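So the protein sequences, as listed, match chains D and L.
Take 11 as the starting number for the first sequence in this note's numbering and just add one per residue.
Take 11 as the starting number for the second sequence in this note's numbering and just add one per residue.
Honestly, the hints are just simulated from the structure, not real lab data.
The reader is advised that the hints may include incorrect statements.
Because identical chains cannot be distinguished in the list, a pair is counted as satisfied if it fits within a single copy or across any two copies.
Okay, derived cross-link-like pairs now, DMTMM-like style, lysine to aspartate or glutamate, Cα gap no bigger than 20 Å in a straight line [stated by the list, open to error]:
id	residue 1	residue 2
1	K330	D311
2	K53	E323
3	K117	E270
4	K120	D231
5	K221	E77
6	K141	D231
7	K120	E347
8	K12	E54
9	K320	D148
10	K221	D298
11	K274	E360
12	K30	E262
13	K114	E239
14	K102	E349
15	K359	E349
16	K102	D60
The structure presented is a predicted model; accordingly, all values stated were derived computationally and were not measured.
2 protein chains.
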Amino acid sequence: MKIHNYSAGPCILPQSVMQKAAEAVINYNNTGLSIIEMSHRSKEFVGVMDRSIALVKELLSVPEGYEVLFLQGGASSQFYMSALNFLPKDGKAAYINTGTWSAKAIKEAKLLGEIEEIASSKDKKFNYIPKDYIVPNDVNYLHYTTNNTIVGTQFKHVPETDVRLICDMSSDIMSQEVDISKYDLIYAGAQKNLGPAGATLVIVKCDALGKAGRTIPSILDYQLHVAKESMYNTPPCFSIFTCMLTMEWLKELGGVKEIEKRNKAKASLLYAEIDRNSLFEGTAAVEDRSIMNPTFILKNDELNADFLAKSIEAGINGIKGHRSVGGFRASMYNALEIESVQVLVDLMKEFERVYG
Amino acid sequence: MKIHNYSAGPCILPQSVMQKAAEAVINYNNTGLSIIEMSHRSKEFVGVMDRSIALVKELLSVPEGYEVLFLQGGASSQFYMSALNFLPKDGKAAYINTGTWSAKAIKEAKLLGEIEEIASSKDKKFNYIPKDYIVPNDVNYLHYTTNNTIVGTQFKHVPETDVRLICDMSSDIMSQEVDISKYDLIYAGAQKNLGPAGATLVIVKCDALGKAGRTIPSILDYQLHVAKESMYNTPPCFSIFTCMLTMEWLKELGGVKEIEKRNKAKASLLYAEIDRNSLFEGTAAVEDRSIMNPTFILKNDELNADFLAKSIEAGINGIKGHRSVGGFRASMYNALEIESVQVLVDLMKEFERVYG
Numbered sequence: 011m012k013i014h015n016y017s018a019g020p021c022i023l024p025q026s027v028m029q030k031a032a033e034a035v036i037n038y039n040n041t042g043l044s045i046i047e048m049s050h051r052s053k054e055f056v057g058v059m060d061r062s063i064a065l066v067k068e069l070l071s072v073p074e075g076y077e078v079l080f081l082q083g084g085a086s087s088q089f090y091m092s093a094l095n096f097l098p099k100d101g102k103a104a105y106i107n108t109g110t111w112s113a114k115a116i117k118e119a120k121l122l123g124e125i126e127e128i129a130s131s132k133d134k135k136f137n138y139i140p141k142d143y144i145v146p147n148d149v150n151y152l153h154y155t156t157n158n159t160i161v162g163t164q165f166k167h168v169p170e171t172d173v174r175l176i177c178d179m180s181s182d183i184m185s186q187e188v189d190i191s192k193y194d195l196i197y198a199g200a201q202k203n204l205g206p207a208g209a210t211l212v213i214v215k216c217d218a219l220g221k222a223g224r225t226i227p228s229i230l231d232y233q234l235h236v237a238k239e240s241m242y243n244t245p246p247c248f249s250i251f252t253c254m255l256t257m258e259w260l261k262e263l264g265g266v267k268e269i270e271k272r273n274k275a276k277a278s279l280l281y282a283e284i285d286r287n288s289l290f291e292g293t294a295a296v297e298d299r300s301i302m303n304p305t306f307i308l309k310n311d312e313l314n315a316d317f318l319a320k321s322i323e324a325g326i327n328g329i330k331g332h333r334s335v336g337g338f339r340a341s342m343y344n345a346l347e348i349e350s351v352q353v354l355v356d357l358m359k360e361f362e363r364v365y366g
Numbered sequence: 011m012k013i014h015n016y017s018a019g020p021c022i023l024p025q026s027v028m029q030k031a032a033e034a035v036i037n038y039n040n041t042g043l044s045i046i047e048m049s050h051r052s053k054e055f056v057g058v059m060d061r062s063i064a065l066v067k068e069l070l071s072v073p074e075g076y077e078v079l080f081l082q083g084g085a086s087s088q089f090y091m092s093a094l095n096f097l098p099k100d101g102k103a104a105y106i107n108t109g110t111w112s113a114k115a116i117k118e119a120k121l122l123g124e125i126e127e128i129a130s131s132k133d134k135k136f137n138y139i140p141k142d143y144i145v146p147n148d149v150n151y152l153h154y155t156t157n158n159t160i161v162g163t164q165f166k167h168v169p170e171t172d173v174r175l176i177c178d179m180s181s182d183i184m185s186q187e188v189d190i191s192k193y194d195l196i197y198a199g200a201q202k203n204l205g206p207a208g209a210t211l212v213i214v215k216c217d218a219l220g221k222a223g224r225t226i227p228s229i230l231d232y233q234l235h236v237a238k239e240s241m242y243n244t245p246p247c248f249s250i251f252t253c254m255l256t257m258e259w260l261k262e263l264g265g266v267k268e269i270e271k272r273n274k275a276k277a278s279l280l281y282a283e284i285d286r287n288s289l290f291e292g293t294a295a296v297e298d299r300s301i302m303n304p305t306f307i308l309k310n311d312e313l314n315a316d317f318l319a320k321s322i323e324a325g326i327n328g329i330k331g332h333r334s335v336g337g338f339r340a341s342m343y344n345a346l347e348i349e350s351v352q353v354l355v356d357l358m359k360e361f362e363r364v365y366g
């Protein structure tokens, strides 16, 4: 049975990527060696790293003056690392709190200086994106999270500000076009649209670095990673290699512009059914709905277990909502095909026919 | 042509592990999902994590009172993290300097307090393990590196001390039996004997934690990772899964005791040839020779390029010495078979016949 993988991350990757990754685990490019047993200093793996960085630059139209890094530790490492590199000892930073992930970023940054939470949607369980806020001019940077996987909200506009902009794009990077030039630092765990867990993408504006005046441990120092071209320490080779394959797939398909069109079509299909179906209800503010992670509930939550059971019977994997909020979440990352969304929509229709 | 993989890390893994890892990248355990697209919270991956931890405990006879973690960032992250968790603000730690890796550990720890380098083999380019040193009683811990991949030396005894013991075992973990109870913290990047790059094994004595009195960022806090059972953030799933496969292979083969016997046989075979062959010379002090990374030179270094070319012709990969020291290095991790060592030995004999 075909599995329709709605996992929130690690998540679906293209079948062709899985096939090529598996082949490389046996024999990379006819070297007689597996991609996982090759020195990261070999010309083969240096080639993989270079190509991965070039693909990020190409697919996201990264302007001159930015560096692309592949690190480890996920966004959870970046919460602390970004503040350590961008927040001076007597500095101040502004954060927008849109849920679990931005709250974690705030918590780690508070270890390093004054953090002003300039906007929050906590009052309504984070089911919307704050809009009426003013970014102070005296902060060292503004941090926000573009897409909130747990509650299913997403920024539709880049916050207006003249201060440096730091953004956690873990769950929507490469899902839609983005103007990199507006940012000083973008970070993203790989395990949504990029590849397997274990790699972390960082895009950083070079002239924004080295200004915090702190002593930074080597492993947490963007400048050092830039100087060492992501090879300060042994990189997560397999994860990076598979990110490269996924980006090649994306390029082949038409790039970020094309995938954005497809992602919007998938989201429209599902949200239309959520809104039409008498049994279901979306949980995020309509204007802030995430293209990546639609969240919804059954108006009668006594039907939850049955709907979940029927979804599993239909080959649908991973639509149970995050343990902190319940309900349902259909994560529809780049590699999920619209045919899989149709299977979910059909199930919702059928469910309404039986219980409606 | 069969490749004899002497890479220093990432390095050779058992062929059967590569086969199983590749299969799981296509379809893990008949779930219809790839191991790289499954939620880390799925019962399948939680099972992988639990089994990996159980295998570490079994293979290394980890006593009660210790926790096993799988983190990210490699030993290079642990250099700072270990000091952050074990060195109080007004504390002092002792380090033994046996080369590049311990020097890096010292550098990062110095950001956090007083570091006493109680012994060093720098006077002889780190070609031996210091023996005449006294560990002060007033330090918070002693740190050392068991095996030094670049210079090919290895501790043959655990330093005698009553203070807490922290050890970087990146390059010889699970290659030989070790008395875990002597240590308070052991860390090891996965990419030698455990699996692919991207995972980091930590074995920590629980009652040694929480005593530094520092505010520790979440991602660098062993106690938090213990409480969250290595799932504080998304773990490097594929790397951990492949570590599990490698440990299953090791268990099947007879465990650490058996692999130690095989590793010693491989090392004896190569060192005997290095000592016998009139063209070659070992570079590490005989009594401190590494079982994992024999290092050697050609007495006439004009022959280097030719020997390297002939080794590649013979299917031997990765015996060029580290760029910082030159010469040759034959890294012989657990999965390298003695037949591959024989190929190298035969080549050395043939080389002597031609040039001797």
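Pop the pair K320 and D148 into one bin, within, between, both or neither, using alpha-carbon distances up to 20 Å. neither (54 Å within a copy, 64 Å between copies)
Can you tell me if K102 and D60 fall within 20 Å by alpha carbon in one copy, between copies, both or neither? neither (36 Å within a copy, 42 Å between copies)
Intra/inter-copy verdict for K102 and E349 if alpha-carbon distance must be at most 20 Å: Neither: 47 Å inside a copy, 62 Å across copies.
Should K117 paired with E270 be assigned to within, between, both, or neither, using CA atoms and 20 Å as the limit? neither (32 Å within a copy, 46 Å between copies)
First find the shortest C-alpha distance between K359 and E349 inside one copy, then the shortest across copies, and answer within, between, both or neither for a cut-off of 20 Å. within (15 Å within a copy, 63 Å between copies)
Please work out whether the CA atoms of K221 and D298 approach to 20 Å or closer within one copy, between two copies, in both situations, or in neither? This pair counts as neither: shortest intra-copy Cα distance 35 Å, inter-copy 45 Å.
Classify it for me, K120 with D231: is the Cα-Cα distance of at most 20 Å met within a copy, between copies, both or neither? both (18 Å within a copy, 16 Å between copies)
Give the relationship of K274 and E360 under a CA distance limit of 20 Å: within one copy only, between copies only, both, or neither. neither (24 Å within a copy, 66 Å between copies)
Indicate which option fits the pair K53, E323 if close means a Cα-Cα distance not exceeding 20 Å: within, between, both or neither. Between copies only: 18 Å across chains, 47 Å inside a chain, cut-off 20 Å.
Between the shortest in-copy and the shortest cross-copy C-alpha distance, which are at most 20 Å for K221 and E77: within, between, both, or neither? within (16 Å within a copy, 39 Å between copies)
Regarding K12 and E54, is the shortest C-alpha distance of 20 Å or less found within a copy, between copies, in both, or in neither? between (35 Å within a copy, 18 Å between copies)
Can you tell me if K141 and D231 fall within 20 Å by alpha carbon in one copy, between copies, both or neither? For K141 and D231, neither the intra-copy (33 Å) nor the inter-copy (35 Å) Cα distance is at most 20 Å.
Hints 3, 6, 7, 9, 10, 11, 14 and 16 from the list above are not met by this structure, while the remaining hints are.
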